[in-house]
Every structure is written in C-alpha cells, then in structure tokens.
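Novice: Chain by chain, the residues:
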Amino acid sequence: MSATGASARVPALMTAAGAVGLGATWFAAGAARFWANWLLWFLFLLTIGLGALFLVALEHLADVRWSVPIRRTAERVSGLVVLTAPVALIALLALPVLFPWTWPEAAARPAVAGKAAWLNVPFFTIRVLVCLALWLLSYRILVGGSLRQDRTRDPRFNIRARRFAPAFMAIFALTLTLAAFDWMSSMEPEWYSDIFGVYVFAGSFLAGLAAVSLAVLYLRDRGRLSRVRFDNLYGLGGWLFAFAVFWAYIAFAQYLLQWYGNLPEEVFWYKERIEGDWLGLALVIGVLHFLIPFLVMIPRDAKGKPGSLGRAAVLFLVAHFLDLYWLILPAAGTGPLPSWPEASFALFFGGIALLWLRRAMTIGEDMPVGDPFLAESLEYRL
Amino acid sequence: MSERAFAVLGLFDSAQALVDAAVRLAPRRLGRLEAYTPYPVHGIDDVLGARRSPLAGMTLVAGALGAVTAMVFEWWTSAVDYPVVTGGKAPFSWQAFVPIMFEVTVLFATFTAGLGMLHLLARLPFFGHPILSSKAMASITRDRFALAVEAEAGGLDVEAAKAALAGAGAREIEVLTVPAERGPFPLRFLSRSALGIAAACVAAGYATYWGVKLIPVLPPMVHMLEQPRLDAQEANAFFPDGHGMRPPVPGTVDREHVPYPFRTQEEAAALVNPLPRTAEVLRLGRKAYENHCAVCHGALVNGVPTLTPAYGAKPANLQSRAIREVADGQIYHVIVRGKNAMPSYAADLTEEERWAIVHYVRVLERAQNAKDEDLR
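Taken in order, these protein sequences are the chains called A and B. Following my numbering, the numbering of the first sequence begins with 1 at its first residue and continues without gaps. Following my numbering, the numbering of the second sequence begins with 1 at its first residue and continues without gaps.
Since the hints were made in silico from the structure, they are not lab data. Honestly, I wouldn't trust all of these hints.
Computed from the model, here is a short list of chain B residues facing chain A with C-beta under 10 Å [what the hints assert, rightly or not]: (1) 83; (2) 87; (3) 91; (4) 95.
Keeping only pairs whose Cα atoms sit at most 20 Å apart, straight-line, the calculated DMTMM-like set for lysine to aspartate or glutamate is [what the hints assert, rightly or not]: (5) B:89 / A:266; (6) A:271 / A:154; (7) B:89 / A:275; (8) A:305 / B:46; (9) B:371 / B:353; (10) A:115 / A:190; (11) B:339 / B:351; (12) B:339 / B:353; (13) B:287 / B:231; (14) B:89 / A:265; (15) B:162 / B:152; (16) B:162 / B:348.
Note that the Cβ used here is the ideal one computed from N, Cα and C, for glycine as well.
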C-alpha cells in the first residue's frame, strides 16, 4: 500500500499547488480568465465522463460482447460525471462574467434580445440542473445497478439496463446538445450552428474512449485485467479510429457550410478562431485530432496492441483538450498562448481528476463478475 | 477426357483435430493448405500460413489515388481550364473540393477492395469449385472439418498428400479432380457477359430516349424554369401600374456616373483628354473602337464602312481635314451625345473607353496623314 500511497501524493501535491495558482489567477489575471479556464476544465472532465457513460450504455443497447470485460473500467471512468456536478454548480457563477446575454447591454443587440426567452439566468439554471439530474440518474441506473450485480449476480440487471439504454440514448443526445449550446455556443449568443451538439458529442465519445483505453491499459499493466486481450482492445481502437473520422467529418461539415454561406452572423465565430495565432492552433487540432491518428491507426495491429493504443489514446485526450480550448477561450477574449493561469488549472483539475480516478479504480470488482455474459465475453475473438 | 488432381481432402471430427493436422502438414509444403469448416475456426489462418492480405495496402493506395485524382480534376476544371467565380469564392477553393475528394476516395477504395477481394484473393469468377461436387461436402456443412492439400503450379503429389493426411489422423480421404483442359478462368463466358451487358445498356438507352421523345407522358425536366419568379419585361398584378419591372426611384444616379453638362460640340472643345497616350490605353481604345465604331466609321476611321451602305446613312470620314482639326473634346462630345444619324454611345462605353477611343482615332488619323518627320 505504500506504493499506492506515494502515487496519491503526486496528484495531491498537484492539486494543492494548482489551488494556489487558482487563487492567484482570480486576483492577478482577472475573473474572465479564471472562469474561462474553469469552464474549459469542467467541460473537459464532463465530456470524458459522459463519453465513458455512453460506451457503457452502448454495450447494453447493442448487446455487445467484446466490451463486457472492460465495462467496469468504463463505468469507473464515467464517475467523472459525479465529480463534475459541483464543478458545474460553481460554473454557474461564470454567467455574468462570460455570457454576454446576461449583460445589460444585451437588450441593444437584437439577435440576443430575441433569444431572451431561452437565454436567461433562471431558465439556464433549470436546464443545467435538469441535465445534471438526468446524468446522475443514468449513472445510478447503469453503474449503480452493475455494481450491485457484483454481489447479487442477478441477471435481471442486464434486462433492465437493456431496456433503459434506448431511453438513455435519447436523454444523452438531448442533454449533451443542451450542454454544448448552453455552456459553449451561448458565450457568443449571435452565433448558431445546429450541428454543434454532434460536434461536441464526437469529441466527447473520443475522449471517453481514450480515457477508458488508458485506464484499461493501466489496470492491465498491473495484472488486474490480464484476461483482457488484443481482441477486446481492438474494439476500443476500432471505435477510436472510426470516431476520429466521424469527428473530422462533422467538424468539416460545420466549417464548410458556414464558409460557403459566408453569413456575417455565422462566419464571425470562425473568423475569431482562424485568425492570427488561433489559426496555428486550429491546424494543430486538425492534425492531432484527425490526420495523425487516422494514418497511424489504419493497420490492424495499431488498434489493438497496447503500446499503439495507449499512444493513440493520449493523443486523442490532448487533441480533445485543445479542441475545447479552441472552442471556449476565444469567446472569453483570451489569447491563444497558455500561461501560468492555464498551468495552475491543469495542475488543480488534473490532480483532482487523477485522485478521483485512482479512487474510482477500486470501486467494485475489476470486471463485472456478476454479468452472465462475462465468461462468454472473455472468449471473444475477432 | 483426361483429368488432373485438384486437391486431396482429409476429414476430421473436430476443429482441434483439424488445427493439429494443419500444424503437422504446414512445414511439409505438399501443396497449398486450405480448410473447409462448418463454422469459422479461430486461429486457423495463422496455422495454415495464410499470407498477410495485400488488400489493405491496395485499398489505401487506391483511396489516396482517388483523393489526388479528385483534387487535380477539380483544380484543373475550376481554377485552370474554365475559372468561374461561384458564390464569391476564389476559383481555387479547397474547401469546396473536399466533399468530392472524400467521395472519390471512398469510390476508388471500395471498388478496389470489393473487386480486389473477389477477383484477386477469392479468385472469382471460378465456377463449379471442385469441393462443391465432392462426397465430403455434405458433412463439411454439418459436422466435419476438412483439410485440403491443393495443387499448386507444379502439380500435386497425390500419394504423398494422402499419406500425410492419414498420418495426421484423417478419418476419410478423398481425391478431387478437375478436367485437365479446363482453365479456372472462363474467358468466353466473361466476354459474352460483357457483350450482353453492353447490348442491354445500348438497348435501354435507345428505349429511354425514344420513349421519352415519342410518348410525351412525362413532362421534361423544366422545374428550374417553372419557378414562381418574376422575369424581366413581364406584367405583374402586384404593382398598381401592372408592370413587373420597376423604374428607378426619381433622382437615382448611376454608380460611377459623371455629370456631363455640355450641350454643343463647341462647348465641349475645352475638354482635355485625361488619359496618357500609352500602349495600354491604345489597346483599350482599339478594342472599344472595333466593337462599337468600326462597323460604320471603318477600320481606318475613313468612313468606309463594312455594314452601313445597305442602311442609307453616310458615316463621317474621320480622316477628313475638318475632323482632324477639331479638338479631342468635340469627338468625345459626339460619342456622348451622338450626331445626325449617330446615336449616343454613352450607355455602351465607359468614360475611360470613350477617351481611349479618342486617342485611338487620333493615332489612325496620324497614320494615314503622316508628316515628313514621322518617316524619319
């Protein structure tokens, strides 16, 4: 236990150092910078957690076999949704700072004033609370039920989860779209893009998959998931590969339409993000989020060999973070180059997330031992 | 009819027995090993020594080729050969090319993958595979597992293969033969199929063409013409005066309108040609003159026209001494206001073109009436 004690000390120190930086950011760099980073990390952790929860629900929905041995790991990662609940509630304080529709001068901007029935603080808060409640409820049904099954070995959980999974898909699609529109789009309330929710979903599922892959490889290295083999890992790699393409498809579809239409109320959003130094970041995201992973993951082995899968997962997590950075920070008026406030937030939230996940990796058994399909799934072959 | 051996087939009771036998036979290189089983047996590919399929690489190359083909084709058609500005975008707008590149990439890749799989790897078309007429076929589709030693280019040592399969524990052994002269690739069938398909396409094309032409049941595709749209010169009940086209608001001034106050040629004589007498201006003047003036005043501005004799009017000879001596502004005035039978060309020529024409006319006049110093 002393080794694990030491491994807890590093993230704890990170969190403590980051907390100091957070305070310094608040006083020295201003509230806008503070809240922009807060939102960034809130959405980064939230999208990872929701992506993992989506993977869990997908398994129940499609009655999948390959992922049963790694489902517990996905369930543990999806616990990040619980961690982000208080982060979301605190993020509500960012409304008057970062969201122009809360400002008094919003009434003078016709397009913003016209959306006042939707974009107002009480309704926004209600939407956030409803989304959080639905996510926590889904987490309880899917993950809580699965943990109970470890003890009861009751196969009826699989039937319940399979019935709930389609409903979860509808809930997930709606709430993730709402979250994307509310927390990101509405920072520039004149802008609109119907496909933005799908764009965030693509990144979210990728990030969830990447985090689950890393967690599975971590546990496997420690001999706790030694029966998870190439054939199971290939499923994760296959999804990552597919969604790298899906993400690029959606991202380009949104860009192409707005570029073609060239309407002032749409293109200003892209203009902010591909002008000056932001263009460099946009290109880096295109390369890291699509080009490199697409080319690297084409061979069969690259999707299931632990080394290459792990490298791809790290790449996707970095790319997803940069993607969110590129989506959020320009709206807050912060320059593209990160500085000490961004580093403090990375330390603080990175440390908290690591501590949380470290604890989460001890929840229940390492595999869903009560699942009646586990034995069959361990024999899964491509 | 002489026959040659196609394969020696050994039947086994279980998938494990098949795998074990394959492991024993693989190093002996008696022929190409192939397994026929009622369900996919995991790991059999490795044991049979199946080569890594080249299909993935072929598909990748074809896909990349598709992307490049589409890119070059679109670049050539829209930026080089016939550049047309569409939607205010530059002729070379890579964004607009991406969807086509994507589609052509997928097209090339899928065709390569599909046809490559069928033809190169599954060796189709290959009619009447000998295994289908074997005695063992019925049990292979039910509960038996067959390991076949198939003939390669150098033929097949039937006795050695039989012995090897028996030694590996085969329950039954069967020798499959094919007619010696039959090739695996029925060229005649293929060529007949291709001819038949081509003939069917031609017939269908003609049938559609004449069907649409002779039996006017289907309206032609005129949806673009039948829009609820107001065409130029059309009447329209929406406006009180019944005209569809609206007159400009009173007091409207054209963009780039330059007021021209002069009433007579004499008043305009004071105008000075603002353009420099450069080759570029003269080229513009020649183009405008030949488009608008030459039909009446002639290519040499001497009033010998190409068109107007049938018309009755006598165009001015700009080479005449009287006109050679008038001021530039007076020629300009006639272009703007017209004179006698000549109408105003103000609507057809820009300010710049009119002055360029004046320069050009002066050059032609001088060319026909050169002075001594010009010849030196």
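Novice: Starting from the hint list further up, note which numbers the structure goes against and sort them upward.
Specialist: 1, 3, 6, 9, 13, 16
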